[in-house]
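Top line first, the protein sequences correspond to chains A and B. According to the numbering used here, the first sequence is numbered sequentially starting from 122. According to the numbering used here, the second sequence is numbered sequentially starting from 2.
To give an idea of the interface, some chain B residues facing chain A are shown, with a C-beta separation under 7 Å as derived from the structure:
#	residue
1	Phe43
2	Leu44
3	Ile46
4	Glu101
5	Gly107
Quick caveat, the hints were computed from the structure, so don't treat them as lab data. Note that CB positions come from ideal geometry on N, CA and C, so glycine has one too.
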Amino acid sequence: KQEVTQIPAALSVPEGENLVLNCSFTDSAIYNLQWFRQDPGKGLTSLLLIQSSQREQTSGRLNASLDKSSGRSTLYIAASQPGDSATYLCAVPSGGGSQGNLIFGKGTKLSVKP
Amino acid sequence: DTAVSQTPKYLVTQMGNDKSIKCEQNLGHDTMYWYKQDSKKFLKIMFSYNNKELIINETVPNRFSPKSPDKAHLNLHINSLELGDSAVYFCASSQEFRGEKKLFFGSGTQLSVL
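Let the hints inform the model, and build the full structure from the sequences given.
See the structure below:
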């Protein structure tokens, strides 16, 4: 059974710092991996999707890497800003294909202090 | 022009009542979902509907029933509400394209059962 874990559960950094969020999954036979952002009182926004054949994806100040063999992904945020404060979740489809429902980690709550 | 909208945003009700949460998506997606986020922020799939057919039904109580009047709507009806049903419920939709299936989430409905 696929399990997704995110470390740390919470992170507080001063503005301008570069930071890394970690995600690990127990079954390496994943089709892809997504990183989401959740703002309080709002839904989830998809940030990056990495296919199993890819090693990383970039969007602006965000860079997500994927190491399937070790069951890990990282989300790198460069030059953090207060507006980056949110909960970040990673998720993988269950069953190894693209059709499975997403299995989510519990998220990392990020707070960027001005 | 909201992509996935769900109502109400907040729902406070007594134990034993029956309630519904509505969800609509204007993205033309063929699959819609309901997720439950508990007090520990763990997000878990409840149902998904594809072309008006239930394709995934996780082990949720049969007091919960998804109803899809058409492709753009997936409502969640809950009978005989219990204290443990208190959570945030998220609707989502997706469309697979070239092996990628990004989910778009609604802003959530916070259900409080008293």
